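Undergrad: With the hints as constraints, model all of the structure from the sequences given.
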Amino acid sequence: MQISLQVNGQARSVDVEPDTPLLWTLREHLGLIGTKFGCGVAMCGACMVHVDGQRAFACQTPASVLEGRSVDTIEGLSDGEEDHPIQRAWIEEQVPQCGYCQPGMMMSALDLLQSNPSPTREEIVTHMNTNLCRCGTYPRVVRAIERAAGEMGA
Amino acid sequence: MNRPIDLDRRDFLKAGAGLTFAIPLTSKLAGCVSAVDPQAEGIRVENAYVQLMADNSCTIFAPPCEMGNGSFTAVPVIAAEEMDVDWSLVNLEFSPAIDELYANPTPWVHGNMLTIGSTAVMAYYPIVRRAGAQIRKTLLQLAADLWGVPAAELRTEPSRVVHAASGRSLTYGEVAARGIVPDSLPEVDDTELKDPAEFRLIGSEGLQRADTPDKVRGEPVYSIDTRLPGMLYSTAKRGPFFNRRPVSVNEDEVLAIPGVIAVTELDDGAVAVTARTYEAALKGERALNIQWSNAVADASYDSATDLAGLVDVADDLSVEGYDVGDYLGESGDSAVQALQAAEAVFERRYQADFLYHAQLEPLNAVANVTDNGRRLELWAGTQGPSQCIGTAAEVLGISRENVTLHRSFLGGGFGRRAVRDHDWAMDAVRLSKLHGAPVKSIWSRESDVASGRFKPISAQLIRATETEDGLIGAYHQRIVSDAPLRYVDSERWELGHHVPQIAAPELMHSPYAAITDYKGEFVQVESDVRVAAMRSVGNLPTTFARESFVDEFAREKGVDPLEFRIRMSAGHDETIHLLEKVAEMSNWGNRPGLGCVLGEEHFALVAEIDLEDSGEIVTRRVWVAMNAGVIVHPDNADNQIAGAVIQHLGAALRERISFTEGRVDQSNYFDYQIVRMAQAPEVEVYFEPSHEPPRQVADGGARSIVPAVANALHDLAGVRLRHLPLNAERVLAALA
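If you read the sequences in order, they're chains A and B.
Positions 1 to 154 (my numbering) are the ones given, in order, by the first sequence.
Positions 1 to 736 (my numbering) are the ones given, in order, by the second sequence.
Among the hints, a few may not be true.
[Stated by the list, open to error] Taking beta-carbon pairs under 7 Å as the criterion, some of the chain A residues facing chain B (in silico):
1) Val41
2) Gln87
3) Gln97
[As the list claims (entries may be wrong)] Chain A is nowhere near these chain B residues, computed Cβ spacing over 10 Å in every case:
4) Pro107
5) Thr191
6) Val247
7) Asp252
8) Ser293
9) Asn294
10) Val336
11) Leu339
12) Arg486
13) Asp517
14) Glu556
15) His577
16) Glu692
[Unchecked claim] Covered stretches of chain B, as calculated for chain A (at least 3 residues, CB under 8 Å):
17) 60 to 70
18) 213 to 221
19) 358 to 370
20) 406 to 413
21) 668 to 680
The hints are simulated quantities; they were obtained by calculation from the structure and are not laboratory data.
No experiment lies behind these values; they were computed from the predicted model shown.
From the three backbone atoms N, C-alpha and C, an ideal C-beta is built for every residue, glycine too.
TA: As structure tokens, this is what we get:
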């Protein structure tokens with residue numbers, strides 16, 4: 001089926017099967033490879049994107065529900081010139097090791113900070129528990145979110 | 001093996017001549033080797049690790065892979081330090097995959113370019129220091145010739161040569177551009193290296209990893225991100241055990257799925273589904289119904305029964321294993337004799353279940369076989385790039401020179417991507433040849449779990465005698481397990497004379513000074529379960545058993561377990577210092593729920609836990625005191641230790657692979673449960689300041705978290721669990 005949607009603010013049209021997960025639509029049909037495949041069953045969060053401004057597992061979002069919707073990915077996080085405060089915080093705290101889970105982590109973090117600009121540590125952990133990191137960078141993810149919250153609130 | 005690297009420029013050029021180096025797909029593909037043209041315009045001074053350009057910029061080559069370890073930054077930092085280059089002028093590239101120039105010098109790596117066992121910084125440190133120093137020495141001599149002054153009067157500042165007496169200075173680029181570069185660069189001996197007290201870059205707190213910006217911007221740095229025009233997609237399923245083949249496949253049913261173009265039995269017995277899209281390939285995989293060879297016999301395999309059998313073997317001392325001390329020329333006979341003569345023997349048994357790597361980036365590769373099967377371009381995240389090239393060349397029956405490997409970053413390795421046969425990458429190679437088109441092969445998570453290469457199950461028996469002072473005197477630790485190396489790399493297995501090092505390195509000696517009569521023994525058992533090296537390999541179960549045992553011994557004697565470890569370390573001042581340090585950091589002993597571990601002579605750890613009514617252990621905080629020698633990149637070293645502690649914590653809490661009726665019971669992250677953020681403790685790491693050469697960091701002891709949790713559980717709840725993982729079910733059973 002042909003669907004039309006907004007991806008990172010741009011109108012895109014793509015021809016995929018109705019049950020094709022947004023993950024593969026983004027990665028292989030639209031070439032936006034920043035969104036990662038980890039498990040395919042909403043257990044790791046590597047594919048986290050935003051649909052209409054709220055986080056969603058791209059692996060669980062079929063094309064059939066995407067007509068006219070707005071999708072944001074890691075590629076749209078920066079304004080094209082400067083890194084987003086979340087990206088800056090991630091660099092400042094030197095969060096990534098292998099880095100594969102981090103785009104999903106950052107999209108989850110953005111979702112949190114949009115609804116809760118100054119989350120407590122407990123709120124951060126509860127919200128971010130959707131996202132797995134096998135390298136064990138969790139303490140730095142928490143610190144980066146706290147840093148980004150400070151910067152975005154300032 | 002420790003083969004000295006040849007730093008001679010002409011030899012480097014010779015080695016480079018005729019080799020095909022990879023061209024990156026896009027300039028953004030930061031993980032890839034870019035064109036390394038030895039005659040490139042602008043290069044003025046170079047050896048195998050450094051190319052200095054006339055414009056004062058500089059490229060440093062990193063042989064290790066980058067899978068989160070940070071060696072892509074840390075190893076070049078070592079060269080930059082000795083070269084005294086301005087770090088902001090340095091470009092980083094992966095080195096080409098040439099064993100002769102870039103093999104990991106660790107003896108047991110046997111001359112391969114493998115990034116394994118947390119060895120990269122430690123192993124490359126001496127070589128890369130000399131490589132950097134050689135460039136600096138060359139530049140000093142060139143400047144001395146230019147100015148007509150003795151080289152001894154010159155010094156360097158970052159990327160500048162300075163003659164203080166005359167107030168003259170030139171950039172490295174200027175010196176190299178104006179000077180007459182010799183064909184052969186001067187030798188450097190160790191006395192010409194910097195005094196570590198003078199290091200500017202090594203040990204610098206503010207140093208950042210070079211790979212971070214691309215990773216947080218979602219740039220295409222992993223092999224799975226590669227896209228080629230006309231590319232097909234594949235996934236594959238394998239039999240439940242090693243060397244199984246499909247007997248029947250419901251091919252027609254799968255081929256009927258729109259987009260699926262082929263169902264193929266590959267040479268290694270895998271069944272691959274190839275499709276025009278990956279989503280179609282996945283549908284095909286789910287629809288596959290395969291009857292595997294040996295199915296009737298395999299259906300009787302049950303990992304709990306297998307492990308019970310290993311426990312019996314561990315108990316049966318008439319089954320003699322390999323005396324691990326033989327590798328070092330130290331027999332364990334005296335320990336056995338002392339145990340035979342002893343009136344009382346303290347004895348315990350420990351077990352561990354299978355573990356799965358669970359790296360976040362699924363196994364994948366992109367292959368493009370062209371020229372009627374005579375050429376291959378391959379994108380694969382591998383811990384062994386030279387082995388990957390060699391295996392691909394064998395699979396296609398072509399020469400290595402016709403294989404171009406793009407070295408991507410790895411979305412986690414942990415040993416899974418260090419297997420010589422590169423099973424996952426060869427799927428893409430075989431299918432690209434078959435279809436005459438580029439193929440991206442991605443194993444689904446379910447496929448990876450079902451046919452994983454696991455850290456083997458193990459059973460252990462530890463026996464010890466007590467000295468007059470109440471310490472452990474003679475000590476015998478015996479592990480019964482498979483030897484992963486026989487599956488991982490048969491060549492290294494042969495070269496190492498079947499020394500089961502990969503199964504039991506920690507068994508070679510005891511970290512405790514008090515243990516004078518020591519025997520480490522490895523009893524190899526084999527099954528058809530695929531096994532592999534996995535982070536800390538055999539050290540995780542062996543450290544778990546030893547440190548649980550030492551704790552049990554201490555508590556039975558009524559001695560504080562940390563104090564007991566200090567007493568056991570009499571004469572090892574450094575070890576005692578680290579134990580005292582970690583006691584101080586953790587405020588040891590003032591509350592229940594603390595467990596301590598001496599992981600190695602240089603590594604002490606304390607964990608603090610709580611226990612929920614559900615039986616779940618909650619790890620609150622972890623403290624580490626470690627002496628890893630020179631810490632090249634302190635912030636990354638901290639991240640590596642904290643991360644490895646959190647990763648290994650999963651082996652203590654919930655991670656386990658089990659087989660029932662010949663099938664792996666788990667299938668994805670919901671039933672193979674790695675540590676999530678809510679379970680991750682804060683980890684405070686102390687590195688003892690040191691000018692000694694670097695040691696392993698992550699694999700230097702972080703596994704100690706596993707026995708620390710077991711010891712803390714005993715401290716808190718009075719129960720001793722001796723079977724990994726210490727999951728809620730087992731905790732509740734012990735408490736009942």
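Undergrad: Each hint: holds or not?
TA: Quick rundown of the hints versus the structure:
The beta carbon of Val41/A is positioned within 7 Å of a beta carbon in chain B (closest approach about 5 Å), and the interface hint is therefore held. The criterion of a C-beta within 7 Å of any C-beta in chain B is met by Gln87/A, whose closest approach is roughly 5 Å, and the hint holds. Using the Cβ-Cβ criterion of 7 Å, the hint placing Gln97/A at the interface with chain B is satisfied: the shortest such distance is roughly 3 Å. No Cβ of chain A approaches the Cβ of Pro107/B within 10 Å, the least distance being about 27 Å, so the stated non-interface status holds.
At roughly 35 Å, the least C-beta separation between Thr191/B and chain A is larger than 10 Å, which holds for a residue marked as non-interface. At roughly 28 Å from the closest C-beta of chain A, the C-beta of Val247/B stays outside 10 Å, upholding its exclusion from the interface. No beta-carbon of chain A is positioned within 10 Å of the beta-carbon of Asp252/B; the least distance is around 21 Å. With a least beta-carbon separation of about 28 Å from chain A, Ser293/B lies farther than 10 Å from that chain, consistent with its non-interface assignment.
Taking the minimum C-beta to C-beta distance to chain A, about 29 Å, the non-interface status of Asn294/B holds against the 10 Å cut. Listed as a non-interface residue, Val336/B keeps its Cβ farther than 10 Å from every Cβ of chain A; the least gap is roughly 40 Å. With a least beta-carbon separation of about 39 Å from chain A, Leu339/B lies farther than 10 Å from that chain, consistent with its non-interface assignment. No Cβ of chain A approaches the Cβ of Arg486/B within 10 Å, the least distance being about 26 Å, so the stated non-interface status holds.
In this structure Asp517/B is separated from chain A by more than 10 Å, as the shortest Cβ-Cβ distance comes to about 38 Å. Here Glu556/B stays apart from chain A, with its beta-carbon at least about 34 Å from theirs, past the 10 Å limit. Here His577/B stays apart from chain A, with its beta-carbon at least about 26 Å from theirs, past the 10 Å limit. The non-interface label for Glu692/B is consistent with chain A: the shortest C-beta to C-beta separation is roughly 25 Å, beyond 10 Å.
With 4 residues having a Cβ less than 8 Å from any Cβ of chain A, the segment 60 to 70 of chain B passes the three-residue criterion, so the hint holds. Figure legend: the segment 213 to 221 of chain B, annotated as covered by chain A; annotation consistent (8 residues with Cβ-Cβ distances under 8 Å, at least 3 required). Given as covered by chain A, the segment 358 to 370 of chain B passes the check, having 5 residues with a CB less than 8 Å from a CB of that chain where 3 are the minimum. With 5 residues carrying a beta carbon less than 8 Å from a beta carbon of chain A, the segment 406 to 413 of chain B meets the three-residue requirement, and the given coverage holds.
Coverage of the segment 668 to 680 of chain B by chain A holds [criterion: at least 3 residues with CB-CB distance below 8 Å; count 9].
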